[in-house]
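Take these sequences, add in the hints, and give me the full structure.
Counted from 1, the sequence shown has number 211 at position 211 by the working numbering; the numbering is strictly sequential.
Just so you know, the hints here were simulated from the structure itself, not pulled from any lab data.
Model, not experiment: these values are computed from the prediction.
Heads up, the beta-carbon is just placed ideally off N, CA and C, and yes, glycines get one too.
Each hint should be verified, as a subset may be incorrect.
[To be verified] Now the in silico label distances, taken between C-beta atoms and shown as ranges: (1) E173 x T219: 33 to 43 Å; (2) Q109 x T84: 35 to 45 Å; (3) G95 x Q67: 35 to 45 Å; (4) S187 x E96: 44 to 54 Å; (5) P180 x M215: 22 to 32 Å; (6) E233 x P180: 18 to 28 Å; (7) Q103 x D161: 28 to 38 Å; (8) I286 x A230: 23 to 33 Å; (9) A35 x E62: 47 to 57 Å.
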Amino acid sequence: MKKPLLTLGRVVLTLLVVTFAAVLVWQMVVYYMFAPWTRDGHIRADVIQIAPDVSGLIQKVEVRDNQTVKRGDVLFTIDQDRFTLALRQAKATLGERQETLAQASREAQRNRKLGNLVAAEQLEESQSREARARSAVSEAQVAVDTAQLNLDRSVVRSPVDGYLNDRAPRNHEFVTAGRPVLSVVDSASYHVDGYFEETKLGGIQIGDAVDIRVMGDNTRLRGHVQSFAAGIEDRDRSSGANLLPNVNPAFSWVRLAQRIPVRIAFDEVPADFRMIAGRTATVSIIEGQHP
Numbered sequence: 001m002k003k004p005l006l007t008l009g010r011v012v013l014t015l016l017v018v019t020f021a022a023v024l025v026w027q028m029v030v031y032y033m034f035a036p037w038t039r040d041g042h043i044r045a046d047v048i049q050i051a052p053d054v055s056g057l058i059q060k061v062e063v064r065d066n067q068t069v070k071r072g073d074v075l076f077t078i079d080q081d082r083f084t085l086a087l088r089q090a091k092a093t094l095g096e097r098q099e100t101l102a103q104a105s106r107e108a109q110r111n112r113k114l115g116n117l118v119a120a121e122q123l124e125e126s127q128s129r130e131a132r133a134r135s136a137v138s139e140a141q142v143a144v145d146t147a148q149l150n151l152d153r154s155v156v157r158s159p160v161d162g163y164l165n166d167r168a169p170r171n172h173e174f175v176t177a178g179r180p181v182l183s184v185v186d187s188a189s190y191h192v193d194g195y196f197e198e199t200k201l202g203g204i205q206i207g208d209a210v211d212i213r214v215m216g217d218n219t220r221l222r223g224h225v226q227s228f229a230a231g232i233e234d235r236d237r238s239s240g241a242n243l244l245p246n247v248n249p250a251f252s253w254v255r256l257a258q259r260i261p262v263r264i265a266f267d268e269v270p271a272d273f274r275m276i277a278g279r280t281a282t283v284s285i286i287e288g289q290h291p
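Here it is in C-alpha cells:
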C-alpha cells in the first residue's frame, strides 16, 4: 500500500514541478515578448554648437574643458581692436553726415522762407539735398549699429546652462564666423530615448510612469512617457531615378519587430547622479500608473 502511494506522490510532485516550470517559462516569454520594457535605452540631451558671429584671433578663454557654465557666462573673447576701430570710424562718418544734414536743412529752410524770391528749381534742389543727406545719416547710423554689434559679438557667451565638451578653444587660435568652436550640453534637455519593439507599443501610453535603470549605477530613476516618434526609416524602400518608389523584392519569413523611439522625461534626478548623454539605460513602463 505504501509503494503505490509513494509512486503517486512522486508523480504528483513531478507534475507540480513541471507545471510550475511551464508557468514560469510562459510568464518569462510573455514578459520578454509583450511587456513594455527595453534594455535599448539611452540618455540624450541637446548639444548646442557654439560658433562665433565674427572672425578673428581668440584673445582670452574664460573656461576650461568639461566645465559647468551658466547662461550668459563668457566663454571666450575675440580680439576687439579691429572692431573698436571700425566702430570709431563708423561714428566719425555718422558725425560728418549729421553735419552735412544740418547744413542742408538750414539751406532748405532758408529757401522756403524766401518764398517767391527763390527759383522753384533752386528750392527743389535744396530739398533734394536735404533728403539725400537724411538718407546718408540713416545709412551711417546702420553702419554704427553694425560695428557696435560686431564688437558685442566678439564676446562669445553660453546660450544655456550646461556643460562644455572636452575641447575648449585655446588662446591665439583663429576662429571663423559660423564655424563651430566648441559645444555645450544643455543641462535642461536631458531625457531618455527608449527603443521599444512595435509589438509592445500597445502597452505604452503618454504619461505612463517609467522606471529607469542606468547601466553601472544602482540609482533608480523615475520618469514618464512624453512622446512617440512619428516615423522611422524604411530600409526596404528608396527613390528611383524618376523619384518613383523602389521597393526591395526580397522578403524574409523571419520578421523582426521594428524599434520605435519613445521619449521619456525625467521626473526627479538625485543631485549626486552623474548625468551623461549617451549612457545606456534599461527602461520599464509601469502600466496604468501616472506620476
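Any hints this thing doesn't respect? Which numbers, in order?
7
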